[in-house]
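> In case you want the letters, here they are:
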Amino acid sequence: MKIQDGFTIDAPAADVWALLSDPERVADLLPGAKMGDRIDDNTYSGGMFVKVGPLAVAYDGTVSFQLDESERSVQVRARGRGKRGMGTAEMTMTSQVIAHGDTRTEVTIDSDVVVTGILAQMGRGMIQVVSKKMLQEFVGNLTKALA
Amino acid sequence: MIPPQFDYHAPGSLDEALGLLGSLDDPKVMSGGQSLLPMLKLRLASPANIVDIGRIPGLDTLAEEDGFLRIGALVTETQLEQSALVALAYPILLDTAKVIADPLVRNRATICGNIAHGDPANDHPATMLALGAQLVATGPDGARTIDIDDFFFGLFMTLLGEDEILTEIRIPAPAPASGGAYVKLERKVGDYAVAGSAVQLSLARDGTVASAGIGLTNLGITPIRATAAEDALTGQAPGDDTIAAAAQAAADATEPIPDRRGSIEYKQNMARVLTARAIRKALARAGG
Amino acid sequence: MATHNINVTVNGEAHAAAVDSRLLLVHLIRDDLALTGTHIGCDTTHCGACTVLMDGVPVKSCTVLAVQADGAEIGTVEGLAGADGMTPLQEGFQEEHGLQCGFCTPGMLMTGTALLESNPNPSEAEIREAISGNLCRCTGYVNIVKAVEYAAAKTGEGD
Amino acid sequence: MAPRTSAKICGMGHSMKRKEDPRFLQGKGNYIDDFTLPGMLWLDIVRSPIAYGKIKNIDSSKALEIPGVLAVLTGKDLEAYGLHWMPTLMSDTQMVLPTDTVMYQAQEVAGVIATSRYAAADGVAAVEVDYEPLKPVIDPFKALEDDAPVLRTDKEGKTDNHIWHWEAGDKEATDRIFEEADVVVREKMHVPRIHVASIETCGCLADFNPVEGHLTVYMTTQAPHAIRTVLALVAGHVGLSEEKIRVVSPDIGGGFGGKVPVYPGYVVAIAASVVLGKPVKWIEDRMENLQADSFARDYHMDAEIAANADGKIRALRIKTIADHGYSDAQAAPSKWPAGLFSICTGSYDMEQAYAEVDAVYTNKPPGGVAYRCSFRVTEAVHCMERVVDTLAHKVGKDPAQLREENFIPKEAFPYQSPLGWEYDSGDYQAAMDKAKEMIGYDELRAEQAEKRARGELMGIGVCSFTEVLGAGPSKDFDILGIKMFDSAEVRVHPTGKAIARFGTKSQGQGHETTYAQIIAEELGLPAAHVQVEEGDTDTAPYGLGTYASRSTPTAGAAGAMAARQIRDKAAKIAAHLLEVSEEDLDWEPGTFSVKGAPDKSVSIQDCAFAAYTNMPPGMEPGLEATNYYDPPNLTFPFGTYICVVDIDRGTGEVTVRRFVAVDDCGNIINPMIVQGQIHGGLTQGIGPALYEEIPYDEDGNNLAGSFMDYLVPTAVETPAWETGHTVTPSPHHPLGAKGVGESATVGAPPAIANAVVDALAHLGVTHVEIPIRPDRVWEILREKGVAE
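Chains as they are written, first to last, in the numbering used here: chain A, 10 to 156; chain B, 895 to 1182; chain C, 27 to 185; chain D, 40 to 827.
Calculated directly from the structure, the hints in this document are not laboratory data.
None of the hints are false.
No farther apart than 27 Å at their CA atoms in a straight line, the calculated lysine-lysine pairs in the DSSO-like style are these: (1) D:Lys174 / A:Lys11; (2) D:Lys374 / D:Lys358; (3) D:Lys181 / A:Lys11.
Every beta carbon over 10 Å from chain D, so not counted as near; a handful from chain A, in silico: (4) Ser30; (5) Asp31; (6) Leu38; (7) Asp46; (8) Asp50; (9) Lys60; (10) Asp77; (11) Ser79; (12) Met102; (13) Ala108; (14) Gly110; (15) Thr117; (16) Asp119; (17) Met143; (18) Asn150; (19) Leu155.
These stretches of chain B come out as covered by chain A in the derived footprint (C-beta under 8 Å, 3 or more residues): (20) 922-933; (21) 937-946; (22) 1040-1051; (23) 1147-1154.
For every residue, glycine included, the Cβ atom is placed at its ideal position computed from N, Cα and C.
Whenever a hint applies, use it, and build me the whole structure from the sequences.
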């Protein structure tokens, strides 16, 4: 499932890029995400906790970052295995920082979310809603962090 | 399918229940268990503790008092269906109860549980929105009343605190010349709604609509109150054009999620069609 | 995980059992009490193969915890009639060919029994509505409806 | 037709109450989950959440820490015994447990064995499997594209996802007719993947005795003997030889074809019992059942009819893509990879036909069970009956009339179809006339016209199907080389009571009653005195089992033949007792009497007693016979179904207002049971027509994996079926019977679909895909501008 989002903010592109290219800070802004140990240059262990009312799923997995300094673009790829046999989740999120003059910056976010297992089967469209909401919160947190 | 491990508690009083909710790790309230137990069996939920309020005396009120119909936490759908009072004065509640799951589930499922679960696909929320119900949440500091309009705020998310129990629903007794109806479209009997529309209205002496409440099921991430649709009816003579306008306003208030039950467009149109039907049925019952 | 000591009466016989919190009533009935007439057909409370009477009310025993049945009277298909007899409803199922593979039948019988208890002369629509929580894959329901009607008529004659 | 025997004997034609009912009605059935053995362990299965991917690691350590969990079996464990793959009934291969790759969501990945079902379930949740997901191939058409990834990399040299090509008929001659025909109509349609959804899921209890090397498997199988042979073939190399395997099929809670194949769970349970030396029980839950096995259909068909301007059909041409999932695990006769799809010319006489099917691998569970269908007959009939309606609308003829004008006339039987079948008998017009009369066809057409004028949507759907049953004649039909005969062994005891054992296995069809009636018909013993047994390979004669409506055509015939052998011997005994020659005897069911002196008689019971006490000199004692019946041809039941629907212009909901089913299954053994079979089949026809489907999303998630979304009709959706019948006996079956279990499942979906299309035909609609969901109908209503 592909989700496109983005925002424009009154901040210099360099500041925005400095934040978005720092894996640990990005992880802080993702709701429910927890960054673990660094596995290699680009990869960390990590966890994700999603709670929707009585329904709660915890994923354990890895997060990898691919930075493209020249394009000011970062691809975050998170892969997790749900605890208690709850299936898998994989998210690829590509963010690009585009300068509009010196003080205005646009960030585009393209995400692709693949959820398998019982949540995808029984979710009645829930994954779509939850993914969108998480992304919106992320954008909100990002905006706040840059303000 | 086998539920995960948990501890089970059956308090004998409301105070004891509230004490358990305050002291236990990761507690979950259960009344009829007809939504919770399937989730446990699918291991979609795994609370450490279940607090079964089913043995608490005094939570089974189903009666009209002080201008309200009071529905206690343990009143089952079947009790609602079998109530002469409900059939006579609150036919919209009977409509709703009759289309929830199946008769066997309804023997254990409770109305309060249906509301507290916060599922936008459940049927009672729309009806309670249409009826302008008040919810009594009892917590460690006593009872508070929550307006149904404020109760649902996200997918499966309600204002009910984790240390609170939804102990009662209070529905204002209908004005004279009132009528209500719940119309649900389902893929087959017992299914969650493709869409559902609850309409409760009252008529003025001149035949115009004096008041209207409209709630919608499974047409967004929360149950929806269609206020624009209510406004479109209120004060109007309920002719075809008015009904069509109100039904369209109800459709416009929806943000359905596309799934196996249909596309966004289909569901929005069903909001329109079902609302028009519910209005007509409510009008007929109001004697209009 | 806590163990609870419960007392249930099943088909008139009192049983004391120590059950885990999560034990489902249907497993207590089938595995612990060896009353295998009550079946399991789904996980999501849809099929009704596990229907039993709990204090006279038909419920899906896969969606009730055994501990919730503490102090309750449970009725299963084995308790409907004496050793060689059949109730008018059981008879109706045979006379009207209301069963084929027999797997849903105990659940249907429990639901039907409760229906006739509360509504001795149900219409076809009422019967269909009453059994709408019990799935049958074999009969197409027509003969199940007739079986309930047979029992209603037979019981009515005796009045 | 009046029964030949008295009500006391209760032979053919009596609506005898079922002998199996009392135990089912009193909760005393013996279904698989009701069995318990001392020391029994439980198997539960870890399943893949992803549709396609590599297994990087399976960590069982946390599961093994759970109290009661004894072992976790993986593909690597089975590989050590060469048991990680097994053959399918179609000679493809299927994983028991994977060693490196999973191919569909819910595939079996590991088995957890524990001392209770609760511990086993906890163990399953605690096994941690790391996957490297791969992009699954879900769409069979995309699977055939050049750049599609090759899924079966285990097959050496496999370079695409194509499984096989099958065709029937004369392509060139058919094409020639299409080139010159006045009218050509064409519809593309999908008969989607559906599930048998018997209320009992699959399961087994495997009990290996390590001292004797003997294995008993109690299992939900419709074909116990074939399963025993397959087990011996699969596991012979580890010491399980056929004389040491006993398969017992107890009471089955519905089969419908879903309990024919060997599923991995059975094999894992057997392996676990062998490894641990204890009985191991495996019972599938509903979600496992709906996600991993028992799938049927999934045929994408492109059908064309060439006709004269007046609607006379000249030729049929069908091209089909069959989605088989990751393995061809159909339960079909070996020489018939597309089953009996070539019955697609149906009830209509035409010059030529050509049908082809290409089977494809995708990342779905293995599919293709013969779900209440004699191997792809459902797909064939849906296709033909839909496109015939398209032709009727195209040439402006009433669909019933167009059918009548194209029926194979009754004088033309035995009829040679252009695709190679020899239809045994038929009178299609009689069934049509009866159905039209029962439903009041002309009045309904008048009502429809009035309603249409008012803008209301009402449709009348007709389906005149022909089935092909009774696989089968050994020259053409086998499964893994085993010819598809079936068998009966009848023993009459000294007191005139009998036991009859059969190679088939009832799953609700009432064999304990109907087989007893067949024996009663032939021997004149009361059916109540004939005990019928099936399902235990140690006691019953070898047979291929019950599916594809084959029990009556094969085992039923075997029972009649065995009974006739007994009667022949009894006649010799009677002649001896009456001191006359055999030629001087008359036979009335149950009694031999002397010609011209009817008061000089002996009963069959007298003969039975004499067979053990006073047999003629030189005669072998006893009164029993065994017959293996190899049918000379298949049987061709038929019928006409007419259905009336109303469509809600607001919501798109379709209501089946009336449904009349007139069936002709030849001579009838038990009218009550036949009617019950029709009722059930019709309900399994309205299911796929309006509600049931197993869809997948692009990631391979099964979107109808529970009864929450797999919409089995309840008593509320199901109409009050109206049934009738005509009788056209099969000329070659010993009883003139044809078999009936599946006609209604086959005939109902096109009748309903045709009714919906008929309601919309004046708007230019020619086709609606099944299941005909309200949203699907509403989209059409909106497009045509008639939505409310």
